[in-house]
Amino acid sequence: MSKHFFGDTAVLLGRSLRHITRSVDTIVTTAIMPIAMMLMFVYVFGGAIKTSADSYVNYLLPGIRRDLDLLEHSLLRAAREAGLRWRDIAGALGLDSPQAAQQRLARLDGRATAEEPGA
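If you're matching positions, the sequence shown starts at 1 in our numbering and goes up one per residue.
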């Protein structure tokens with residue numbers, strides 16, 4: 001492993017984040033795709049389940065939220081294991097302080113363990 005591994009990783013992460021935020025199609029895709037997927041599941045696939053649309057939405061949204069929480073949890077863990085500092089993670093998440101990033105991971109840790117089978 002190179003002695004500049006962590007610094008190089010942080011530089012590449014910063015470049016990737018700048019590229020993503022400057023790419024309008026990426027921003028539109030990440031903003032619109034979740035909404036489009038939810039509408040598709042509710043109105044296209046939701047009709048296959050004999051229930052009202054409102055109750056299907058109430059069933060669907062917590063599942064989407066859980067999946068996103070688990071994804072964010074695994075990404076934060078991977079960032080820490082890669083050696084990124086809390087300050088760098090907080091900046092990438094748009095948080096004001098390293099403590100806010102730590103608190104976010106702690107909340108996600110609680111949700112992840114609460115959702116494990118047998119927990």
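I should point out that these hints are in silico values taken from the structure, not numbers from a laboratory.
Warning: the hint list may mix true and false statements.
As the list claims (entries may be wrong) - Computed Cβ-Cβ distance ranges for the label pairs, DEER-style: (1) 97 <-> 57: 33 to 39 Å; (2) 59 <-> 30: 29 to 35 Å; (3) 5 <-> 26: 23 to 29 Å.
Being a predicted model, the structure only gives us computed values, none of them experimental.
Idealized CB from N, CA, C, for every residue including glycine.
Worksheet item: Quick check: which numbered hints come out false for this structure?
Response: Those not satisfied come down to hint 2.
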